[in-house]
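Novice: Make one complex out of these two single chains by using the hints.
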Amino acid sequence: MDPLLQLQNVHVTFQTTGGTVQAVRGVDFTLNKGETLAIVGESGCGKSVTARSIMRLIPEHSGKISQGSIKLEGKELLNLTEKQMREIRGSRIAMIFQDAMTALNPTISIGEQIKEGIIRHRKISRSEAKKQAIEMLTLVGISNPERRLKQYLHEFSGGMRQRIMIAIALVCQPSVIVADEPTTALDVTIQAQIIQLFKDIQWKTGVSIIIITHDLGVVAKIADKIAVMYAGKVVESGPVRDIFYRPQHPYTKGLLASMPRLDGDRSIPLTPIPGTPPDLFAPPAGCAFAARCPYALEVCREHQPEETVVDSQHIVACWLQDPRAKQVYPDLAEATGT
Amino acid sequence: MRKKLLEVKRLKKHFRIGGKTYLKATDDVSFEIYQGETLGLVGESGCGKSTTGRTIIGLYQPSEGEVVFDGTNVHTAKGKQKQELTKRMQMIFQDPYASLNPRMTVGEIIAEGLYLNSMGSAKERYEKVIELLETVGLRREHAERFPHEFSGGQRQRIGIARALAVEPEFIIADEPISALDVSVQAQVVNLMKKLQREKQLTYLFIAHDLAMVKHISDRIGVMYLGNLVELTSSEQLYANPKHPYTQALLSAIPVPDPDVEHTRERIILEGEVPSPMNPPSGCVFRTRCPAAMQKCAEEVPIWQEIESNHYTACHLYKQ
Numbered sequence: 001m002d003p004l005l006q007l008q009n010v011h012v013t014f015q016t017t018g019g020t021v022q023a024v025r026g027v028d029f030t031l032n033k034g035e036t037l038a039i040v041g042e043s044g045c046g047k048s049v050t051a052r053s054i055m056r057l058i059p060e061h062s063g064k065i066s067q068g069s070i071k072l073e074g075k076e077l078l079n080l081t082e083k084q085m086r087e088i089r090g091s092r093i094a095m096i097f098q099d100a101m102t103a104l105n106p107t108i109s110i111g112e113q114i115k116e117g118i119i120r121h122r123k124i125s126r127s128e129a130k131k132q133a134i135e136m137l138t139l140v141g142i143s144n145p146e147r148r149l150k151q152y153l154h155e156f157s158g159g160m161r162q163r164i165m166i167a168i169a170l171v172c173q174p175s176v177i178v179a180d181e182p183t184t185a186l187d188v189t190i191q192a193q194i195i196q197l198f199k200d201i202q203w204k205t206g207v208s209i210i211i212i213t214h215d216l217g218v219v220a221k222i223a224d225k226i227a228v229m230y231a232g233k234v235v236e237s238g239p240v241r242d243i244f245y246r247p248q249h250p251y252t253k254g255l256l257a258s259m260p261r262l263d264g265d266r267s268i269p270l271t272p273i274p275g276t277p278p279d280l281f282a283p284p285a286g287c288a289f290a291a292r293c294p295y296a297l298e299v300c301r302e303h304q305p306e307e308t309v310v311d312s313q314h315i316v317a318c319w320l321q322d323p324r325a326k327q328v329y330p331d332l333a334e335a336t337g338t
Numbered sequence: 001m002r003k004k005l006l007e008v009k010r011l012k013k014h015f016r017i018g019g020k021t022y023l024k025a026t027d028d029v030s031f032e033i034y035q036g037e038t039l040g041l042v043g044e045s046g047c048g049k050s051t052t053g054r055t056i057i058g059l060y061q062p063s064e065g066e067v068v069f070d071g072t073n074v075h076t077a078k079g080k081q082k083q084e085l086t087k088r089m090q091m092i093f094q095d096p097y098a099s100l101n102p103r104m105t106v107g108e109i110i111a112e113g114l115y116l117n118s119m120g121s122a123k124e125r126y127e128k129v130i131e132l133l134e135t136v137g138l139r140r141e142h143a144e145r146f147p148h149e150f151s152g153g154q155r156q157r158i159g160i161a162r163a164l165a166v167e168p169e170f171i172i173a174d175e176p177i178s179a180l181d182v183s184v185q186a187q188v189v190n191l192m193k194k195l196q197r198e199k200q201l202t203y204l205f206i207a208h209d210l211a212m213v214k215h216i217s218d219r220i221g222v223m224y225l226g227n228l229v230e231l232t233s234s235e236q237l238y239a240n241p242k243h244p245y246t247q248a249l250l251s252a253i254p255v256p257d258p259d260v261e262h263t264r265e266r267i268i269l270e271g272e273v274p275s276p277m278n279p280p281s282g283c284v285f286r287t288r289c290p291a292a293m294q295k296c297a298e299e300v301p302i303w304q305e306i307e308s309n310h311y312t313a314c315h316l317y318k319q
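Heads up: the sequence lines are chains A and B, in that order.
Start counting the first sequence at 1; every next residue gets the next number (this note's numbering).
Start counting the second sequence at 1; every next residue gets the next number (this note's numbering).
Bound-form chain B, shown alone (with noise of 0.2 Å):
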């Protein structure tokens, strides 16, 4: 048995938007990652899959729940023992644009998280640098550029080598390729495969593209609406998807390969999802699921494993 190194606990992150208003960005998501696997997270936009990719690594407070990175409580630990959780969990952020402070060099970037970790001297952390550079595919000549005179899948690397610095051992990759060319996404996705392989590391991936999410991840949660409706390995998602969102998802993504696009059946939602201000009563898919049910409309499903290591929540299957 593998060993577990995050454990996310009934999370939920609500943002209070004016009066008793409150937006349910994750309602009640619980899962667990084991050390070395990449665990994807998938779903539309505002889904709350980046919500709960914030919250896990402590930029917000949950609103309930609790987070327990290796035995600490990621939101109550305090001094010395958050100071070493910062350097064992690490965040790649999606828009390679916004993330990189545009009046720093790239080595300042990339030795920030070293410098303000007190780790090695200025030319231990120099070194560093470099060694990162060039471990992402950079060259040692770019430490003294600045972000701007980079494309878009060499700022990603940046962002990677950032990450890589303070050797962490689990990284949130929030969208890390959703703003990349198609032929530059495989160079990142390849390289975070090798550092994985290299430097045993643990991923959340988190994306809404399943064709790319499902070649990077052993496993794959499936989001919607704040909520988590099924988790299995990507193999077994693909092949035998049990949710009808989760299916629905599936027959969406077109296929580039023209025979099979035009002979696939396709389940095409009606409508579009409900606003996460007012969630609907019980399963929040059921306005748009083609086998809606009156109990769907009644009763929360519960989280449930119907088959070995295949989890989802839906009314279909036997409680």
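Pulled out of the complex, with its shape left as it was, chain A reads as follows (with noise of 0.2 Å):
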């Protein structure tokens, strides 16, 4: 069986004033039905990049998607022509974006806003949509969804507006919802409710999220799986359990180590991973992280780091983990703690 959306090596490329960067550099994953995927990485790894390609809005004059393959069920999504994609777009695949003063249209109601992707989609009247809109609105919890079809965005507070981009991603019951970054604007007992919302959204529709972060806690609440970007790449992919409790990948150890928890000890510093991400004008011959990583070997600086799989889902791209490694440095493991 196909899985639902599968991304294939997936590049993306920007033209600017300053050369091409090169934002996505060989995306692959894997998406199945009623799973929760979460992206995460630090600002400029290409996590957005990645989420905006499978909706293909990447901005045509300046960025391409130059390589690789996006398919839903099977469906090549790169050979579609504008027109058939926008068929996909809200319809099958919906989006949700960090900031819905940004995203949603200010000068329309919410409920115009909520039916213009049925409408658009589906054949019905317009009041079956209207219908429709204060169900979803019910489904997201909006209490007196009637009134409140008619109010304008300003009208509403930052976890309620939240709410409404939720309503409009669901209206049409898209298969897979991409999230960016959709609680990193809230307030934490906001964040709490809107993450709350998406797991019982879940329940009833069965729908497959990707949900791209950075924060940790929140990818420990809601994934199923996690994939880590690193400047580009993804460096370590997973179920969360294996992700959280058995890293393999260095970057991933030093996310996990820079975090403060709430029930940790406070007399242990931090472990920040020294240095700051590579230019992507002109990314490293080898391993991205290289230059920031303790354990780095002289083939990391040189080559790409291939693929190894740790345990059947869990995959890492790094040369530490790489069977030959091993062979030509005996005492790796003891001085990676792997």
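Among these hints, one or two may not hold up.
Each computed DSS-like pair below joins lysine-lysine, with the alpha-carbon atoms no more than 30 Å apart [unchecked claim]: (1) B:Lys194 to A:Lys253; (2) A:Lys253 to B:Lys193; (3) B:Lys128 to B:Lys78.
Which chain B residues stay away from chain A? Per the calculated CB distances, all over 10 Å, these [to be verified]: (4) Pro102; (5) Glu112; (6) Gly120; (7) Ser121; (8) Leu249.
Rather than coming from a laboratory, the hints here were simulated on the basis of the structure.
By construction, the Cβ of each residue, glycine as well, lies at the ideal position given by its N, Cα and C atoms.
Specialist: And the structure:
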């Protein structure tokens, strides 16, 4: 059976006055029905660009998906015409953005914005569309939906706006929702409400979710599997417990160690990752993390690491995990603590 | 007993927003900061934590109440006394993009405080800038560059170097790491902790990220809608939160540990924060409080010490 969504070797580049930025440099992952995949990484690692490339929302004048394949239920999205793609967007794959205030239109009532999608994609009457819009608002927990439909975005609080964006995404019953930092701008008590809402909706509708975030706490709460991105590549991916409890890539380990925990001991200093991510105008020849990696070998600086399967679905792209590395450096396991 | 460096007494800051409407950003906040400690101030957006910080340092005049820094009232000090205060208290801002003048070089930005306070000759100031750059982990050649040439984490280091230039005793850090990536946040926090040890600094650390605040602070104050609702040591606050808001806030923070997350009981607060222009009567948290009683609507809970060094304002605890 085909996975619901499959990305293979996706590359995205942007032309700028400073040269070509290789924002995404070969991303692979699969998403099955009813799953939640979290893409984590720091700013500039290409996680948002990856998300947008699934919707083919890369601005055409400067950027392009230069290589690779994105398949939805086995059907290649990159070969579709813009017109065919429009049938997919909103209807099969929907997107939720970080900031509703810029993602939605402030001059159109929210009811019209919810209805717009269904009227565009489904052959239904306006009154039926309104009925569905009310249903959606109820589903996302907005009380008094009939009155609320007539209101505008500025009349809602931050958490409510996020709920509206979720309602708009859900209205055509898509199979995949791509949520780009959906809770980053929210306060933590509101964030807790929205995460709970995502879980409830997934339980009720069986929708698959790709959530992009830098907050590992949110990931632990919501994700089934994780793809960790660094400098335009997935460096490690696997089921959520494997990534949290048995991380293999030094970057994943570094991310986990640099975060303070509420239940942590504050006398132990945090372990930051030294340095900053590489410049994607001229990405390094070898592993992009080598310059910041405490365990980097000579091979890391010269050759891109190959993928090593740690354990069925748990995959890491790191030379330290390569069986050959252990032959050359017998005490490697001890040195890296793996 | 450690020396009280800063005393905030019943501080209020109300902003007039047309007509007779006032936004009560900070409404009756009192606390003390002892020399050498880090006091964390947490709360969600709009709770008044930044306004409190900015009023303490004198960027705003208070509507009521006073702030006393080592015996001097911050808001009534004049002339030489005031200049002395600006040297002793410094601030680090949240947005490393907006808080550095894009038309000044990094060297000029860092040296500005020295220049304004006529500290040292031009050459001495230059040497000081180089020393500060190295202290915060930047290089001497960075002095000639402009802020746009730096990453967010590097800019925040520039902001820290600027604050340190006049050798202050007390630094207010208003969300100093919120704009930074996780791995870089740890760099900046470790730097701030190191500087605190080396220079015996006192910090007021304002942030919404409770995990990071707990990591850096000795004591933590929790704010909600302009009011301080709880104040105690950071261990105590986490282990034994008293105020229902603190309990909900702690339970809402996701822990980066899937097994813990799947078993943890969570208090999800209903609704949203009321408007600070028209706060609820009595206890401001009562509209969302799972334990609200009749009394909460009628009486403002008093700020009391319910256990040793554990303060809260809540009717659940005996008067």
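Novice: Hint by hint, note whether the structure agrees.
Specialist: Do the hints match the structure? See the list:
1. B:Lys194 to A:Lys253: holds, 23 Å
2. A:Lys253 to B:Lys193: Within the cut-off at roughly 23 Å; holds.
3. B:Lys128 to B:Lys78: Given pair Lys128 of chain B, Lys78 of chain B holds - Cα atoms ~28 Å apart, limit 30 Å.
4. Pro102: Non-interface label stands for Pro102 of chain B: nearest chain A Cβ at 19 Å, farther than 10 Å.
5. Glu112: Non-interface label stands for Glu112 of chain B: nearest chain A Cβ at 26 Å, farther than 10 Å.
6. Gly120: Given that every Cβ of chain A is farther than 10 Å from that of Gly120 of chain B, nearest at about 32 Å, it holds.
7. Ser121: holds, 35 Å
8. Leu249: Violated: least Cβ distance 6 Å, not greater than 10 Å.
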